[in-house]
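Peer 1: The residues making up each chain are set out below.
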Amino acid sequence: MKYGRREFINTMLGAGGIGGLASIFYPVFQFMIPPKISEPHVSSLKVGTVDEFPINSSKIVRFGRVPVILIRNDQDTFSALAATCTHLDCIVQYNQARKQIVCACHNGVFDLNGKNVSGPPPKPLTVYSVSIVDDQVIITEEKDLA
Amino acid sequence: MKQSSKQKTFSWLDDRLDLKPLVEMMDHKKVPIHSHTMWYYMGGVTLFLFLVQLFTGILLLMYYRPGEDSAYESIQFILTEVQFGWLFRNVHAWSANLMVLFAFIHMFSVVFTRAFSKPRELTWVSGFLLLLLSMFFGFSGYLLPWNELAFFATKVGTDIVGAVPFIGEQLKIIIRGGEDVTGATLSRFFGLHVAILPAITFLILSFHLLLVQRQGISEPRHFHEQPAEKKRYMSFFPDFVLRDALLWLIINIIVLYLAVFYPWDLGLKADALASAPMGIKPEWYFMFMFETLKIIPPHVWFIEGETFGILLFGVAAVLWMAVPFARFRGKQIVDSKWITILGVFTITYMVVLTIIGYI
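Chains as they are written, first to last, in the numbering used here: chain A, 4 to 149; chain B, 54 to 412.
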């Protein structure tokens with residue numbers, strides 16, 4: 004087939020049209036991606052004095068932008084775990100009667116070491132270290148301790 | 054001969070807009086009368102409820118203020134301070150639920166009467182897309198009051214998007230407006246709910262209605278094969294339209310009754326540091342998917358359970374949309390009894406899992 008002036012103009016118009024659309028949609032797509040907001044990295048958090056946490060209770064605190072569940076069990080030891088369920092992102096809770104961590108969204112169950120024991124969660128909860136210094140409860144990222 | 058003012062107005066418009074072919078088309082449009090005629094009204098009821106949504110939604114926009122610190126408070130203000138605010142908010146919530154219900158009824162009636170057979174495949178595809186859009190409307194609107202239930206439903210719903218292979222994580226961040234569900238998510242959902250989804254719906258709904266007008270009302274096979282003298286029809290205008298109007302009125306009364314006597318609970322304000330409350334449930338039309346995700350084990354073969362779930366529903370939705378195009382040994386299968394079995398199975402699955410979710 005002869006590639007004449009008409010075909011050449013059609014090709015140029017087509018390519019120009021595609022380029023025109025791309026020049027609209029590329030910025031639109033980039034605009035949709037939220038910019039990264041820099042936040043100070045938190046590696047350790049002082050959450051209060053020992054007395055503020057009754058035995059066999061829990062409290063959810065914000066560790067940087069991550070919610071962390073701090074549990075004081077009936078053996079009087081503290082543990083801290085990421086409070087976000089590894090299944091679909093719900094916030095877990097401490098079940099005082101069963102001594103387990105449960106997620107109400109899809110019945111996920113974790114033990115107090117964060118291990119996923121039943122229900123749909125595919126992974127254990129991230130473990131944080133808890134130390135008590137001068138009666139203050141301090142949560143620390145495990146890797147920072149290492 | 055002297056023309057009446059009505060005739061004068063018509064001929065003035067006709068001179069400019071050439072309305073006669075349109076009037077002729079409306080005169081000739083007819084609706085078959087048979088044992089399944091009642092299902093023809095379901096699409097109209099869905100459309101009516103959509104119009105109610107549009108009307109009440111615009112009114113709610115006058116007072117609603119998106120934002121972590123203002124959304125919940127503005128709904129409280131609408132409910133307690135604004136005159137008839139409670140009414141419009143409850144009508145909006147109830148009508149939304151009924152709209153999704155009637156869209157489902159409309160869809161299944163189309164399946165069982167085989168109304169999606171040639172030449173109406175594209176009407177089916179556009180209708181299915183409208184059902185998906187109405188579910189997106191429900192999902193995005195659910196977050197707007199910024200209450201506890203909505204917050205967790207959105208966390209779960211958007212996290213499911215994250216399970217889409219390859220692009221999921223990026224898509225989740227775009228939908229949430231960040232890594233977590235925050236005020237940025239609320240802004241995005243607000244924009245989606247009041248601007249983007251209505252614009253897309255307007256286009257697809259126009260196409261759907263244009264096809265319905267262009268192709269006329271579908272006749273089921275048992276009716277179509279009858280001899281011409283045995284077939285009975287009613288005129289679309291005014292007989293069918295008047296019946297439709299009566300049904301719309303009845304539906305309107307039901308919506309008002311529900312809004313007045315069963316108001317929609319606002320619940321507690323969302324708190325990013327609160328545990329998901331026990332007994333948390335999504336809207337009823339997502340319940341079968343929610344229950345399925347509960348049942349699927351953490352790992353299926355080498356795939357994570359949630360990824361498997363989303364792939365399963367994605368594939369099922371595409372296959373469902375493609376049913377009118379399906380061919381077996383070179384023949385279309387739309388008349389096969391397998392379509393009825395598939396429809397019954399789908400309804401049973403959805404109903405049983407929804408009931409399990411509520412007991």
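No lab work stands behind these hints: they were computed from the structure.
Warning: the hint list may mix true and false statements.
Said to hold, decoys possible - Straight-line Cα separation of at most 27 Å, DSSO-like style, residue types lysine-lysine; simulated pairs:
no., chain 1, residue 1, chain 2, residue 2
1, A, Lys126, B, Lys283
2, B, Lys82, B, Lys59
3, B, Lys225, B, Lys82
4, B, Lys384, B, Lys171
5, B, Lys225, B, Lys284
6, B, Lys61, B, Lys73
7, B, Lys347, B, Lys225
8, B, Lys347, A, Lys118
9, B, Lys334, B, Lys347
10, B, Lys83, B, Lys225
11, B, Lys171, B, Lys334
12, A, Lys49, A, Lys62
13, B, Lys61, B, Lys82
14, B, Lys384, B, Lys347
15, B, Lys225, A, Lys39
16, A, Lys118, B, Lys334
17, A, Lys126, B, Lys334
18, A, Lys62, A, Lys126
19, A, Lys126, B, Lys347
20, B, Lys334, A, Lys62
21, A, Lys102, B, Lys334
22, B, Lys73, B, Lys83
23, A, Lys62, A, Lys102
24, B, Lys284, B, Lys390
25, B, Lys334, B, Lys225
26, A, Lys62, B, Lys322
27, A, Lys102, A, Lys126
28, A, Lys118, A, Lys49
29, A, Lys102, B, Lys347
30, B, Lys73, B, Lys225
Peer 1: Now tell me if each hint is right for this structure.
Peer 2: Each hint, compared with the structure:
1. Of the supplied pair hints, the one linking A/Lys126 and B/Lys283 is violated, its CA atoms being roughly 66 Å apart against a limit of 27 Å.
2. Annotation: proposed proximity of B/Lys82 to B/Lys59 holds, straight-line Cα distance about 23 Å (limit 27 Å).
3. Of the supplied pair hints, the one linking B/Lys225 and B/Lys82 is violated, its CA atoms being roughly 47 Å apart against a limit of 27 Å.
4. Taking the CA atoms of B/Lys384 and B/Lys171, the gap is near 12 Å; set against the 27 Å cutoff, the hint holds.
5. For the given pair, B/Lys225 sits about 54 Å from B/Lys284 by alpha-carbon distance, which is inconsistent with the 27 Å threshold.
6. In summary, the hint linking B/Lys61 to B/Lys73 is supported, as the alpha carbons are separated by about 14 Å, within the 27 Å threshold.
7. Distance check on the hinted pair: B/Lys347 and B/Lys225 sit about 21 Å apart at the alpha-carbon level, within 27 Å; holds.
8. For the hint pairing B/Lys347 with A/Lys118, the CA-to-CA distance comes to about 18 Å; that is within 27 Å, so the pair holds.
9. Distance check on the hinted pair: B/Lys334 and B/Lys347 sit about 12 Å apart at the alpha-carbon level, within 27 Å; holds.
10. For a cut-off of 27 Å, the pair hint linking B/Lys83 to B/Lys225 is broken: about 48 Å separates their Cα positions.
11. At roughly 40 Å between alpha-carbon atoms, B/Lys171 and B/Lys334 are farther apart than 27 Å, so this suggested pair is violated.
12. For the suggested pair A/Lys49 and A/Lys62, the alpha carbons sit about 13 Å apart, so the restraint of at most 27 Å is met.
13. Pair hint B/Lys61 plus B/Lys82 holds up; C-alpha atoms about 25 Å apart against a cutoff of 27 Å.
14. Annotation: proposed proximity of B/Lys384 to B/Lys347 is violated, straight-line Cα distance about 39 Å (limit 27 Å).
15. For the proposed pair B/Lys225 and A/Lys39, the alpha carbon gap of about 14 Å is at most 27 Å, so the pair holds.
16. Of the supplied pair hints, the one linking A/Lys118 and B/Lys334 holds, its CA atoms being roughly 25 Å apart against a limit of 27 Å.
17. Pair hint A/Lys126 plus B/Lys334 holds up; C-alpha atoms about 23 Å apart against a cutoff of 27 Å.
18. Distance restraint check for A/Lys62 and A/Lys126: the Cα-Cα separation of roughly 22 Å lies within the 27 Å cut-off, and the hinted pair is therefore satisfied.
19. The straight-line distance between the Cα atoms of A/Lys126 and B/Lys347 is roughly 15 Å, inside the 27 Å bound, and the hint therefore holds.
20. Simply put, B/Lys334 and A/Lys62 have alpha-carbon atoms about 24 Å apart, close enough for the 27 Å limit, and the pair holds.
21. Between A/Lys102 and B/Lys334, the direct Cα distance comes to roughly 24 Å. Compliance with the 27 Å bound is thereby established for this hinted pair.
22. Note on B/Lys73 and B/Lys83: the hinted pairing holds, with a Cα-Cα distance of about 18 Å set against a maximum of 27 Å.
23. The suggested pairing of A/Lys62 with A/Lys102 holds, with an alpha-carbon distance near 14 Å, which does not exceed 27 Å.
24. Distance hint between B/Lys284 and B/Lys390 is fulfilled; the C-alpha atoms sit about 25 Å from each other, no more than 27 Å.
25. Of the supplied pair hints, the one linking B/Lys334 and B/Lys225 holds, its CA atoms being roughly 21 Å apart against a limit of 27 Å.
26. For the hint linking A/Lys62 to B/Lys322, the alpha-carbon distance of about 19 Å falls within 27 Å, and the restraint holds.
27. Taken as a hint, the A/Lys102 and A/Lys126 pair is honoured in the structure, with Cα atoms around 19 Å apart against an allowance of 27 Å.
28. With a CA separation close to 25 Å, the supplied pair A/Lys118 and A/Lys49 stays within the 27 Å bound.
29. Among the hinted pairs, A/Lys102 with B/Lys347 is consistent with the structure: their alpha-carbon atoms are about 22 Å apart, no more than 27 Å.
30. Only pairs whose Cα atoms come within 27 Å are accepted, and B/Lys73 paired with B/Lys225 is rejected, the gap being roughly 52 Å.
In summary, the structure is inconsistent with hints 1, 3, 5, 10, 11, 14, 30 from the numbered list given earlier, while agreeing with the others.
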